[in-house]
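With my numbering as the guide, the letters of the sequence shown map in order to residues 9 to 175.
The set of hints was computed from the structure by calculation and includes no laboratory data. Glycine included, C-beta positions come from ideal geometry on N, C-alpha and C. Please note: incorrect hints may appear among the correct ones.
[Unchecked claim] Straight-line C-alpha distance at most 27 Å; calculated BS3-like pairs for lysine-lysine:
(1) Lys57 with Lys170
(2) Lys175 with Lys57
(3) Lys175 with Lys18
(4) Lys33 with Lys136
(5) Lys34 with Lys18
[What the hints assert, rightly or not] DEER-style ranges, computed between Cβ atoms:
(6) Thr49 with Asn24: 22 to 28 Å
(7) Lys20 with Ile119: 36 to 42 Å
(8) Ile45 with Leu90: 23 to 29 Å
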Amino acid sequence: MEISLIRHGKSKLTENDKISGFEFKKWVEKYDYNGVIEESTYPSATLEKVATANIVITSDLNRAVKSARLLNPVTNIISDPLFRETELPSNSCQLFNLKLKPSIWAIVLRILWFSGYSTDCESLNQAKFRANKASQQLIDYANDYKSVVLVGHGFFNMLIAKELHKK
Numbered sequence: 009m010e011i012s013l014i015r016h017g018k019s020k021l022t023e024n025d026k027i028s029g030f031e032f033k034k035w036v037e038k039y040d041y042n043g044v045i046e047e048s049t050y051p052s053a054t055l056e057k058v059a060t061a062n063i064v065i066t067s068d069l070n071r072a073v074k075s076a077r078l079l080n081p082v083t084n085i086i087s088d089p090l091f092r093e094t095e096l097p098s099n100s101c102q103l104f105n106l107k108l109k110p111s112i113w114a115i116v117l118r119i120l121w122f123s124g125y126s127t128d129c130e131s132l133n134q135a136k137f138r139a140n141k142a143s144q145q146l147i148d149y150a151n152d153y154k155s156v157v158l159v160g161h162g163f164f165n166m167l168i169a170k171e172l173h174k175k
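Using the sequences and the accompanying hints, generate a full structural model.
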């Protein structure tokens, strides 16, 4: 039984001008919508994992699905919102009159989220609960298919990995 976790590729969205917190919410929507950049090469170990997996799972967000397709255009994919990235709080963005680059907003909001602020989004505890459920789903797939690849997202893959190590 083998479970491999892969993070999606780089987003096609390259806008990095300073924006307000309110504009950040719309930026995240564009980030979710845009596909990923097709790289000239991919790590051979990653390509081999996806090519030999008996089942490939992705979140239902475009960047994960497109990444899986770029790694293996002919593989069957199961997309499931269970594997979506953890959200960032967005109401807090409107409280600040700051203009920051999106990458800085993401850091600030992720720190707030880890500190327990989760207004209008999934809390860290809720995300850990979902990661537990997702890890069990991957184990169930691995029991049935022997080799499973998840093309997912950075933070949520990290939470899933912690749950898999516990189990």
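Here's how the hints hold up against the structure:
no.: 1; hint: Lys57 with Lys170; verdict: 20 Å, holds
no.: 2; hint: Lys175 with Lys57; verdict: 22 Å, holds
no.: 3; hint: Lys175 with Lys18; verdict: 31 Å, violated
no.: 4; hint: Lys33 with Lys136; verdict: 23 Å, holds
no.: 5; hint: Lys34 with Lys18; verdict: 18 Å, holds
no.: 6; hint: Thr49 with Asn24: 22 to 28 Å; verdict: 25 Å, holds
no.: 7; hint: Lys20 with Ile119: 36 to 42 Å; verdict: 26 Å, violated
no.: 8; hint: Ile45 with Leu90: 23 to 29 Å; verdict: 26 Å, holds
Of the numbered hints given earlier, the model fails hints 3 and 7; all others are met.
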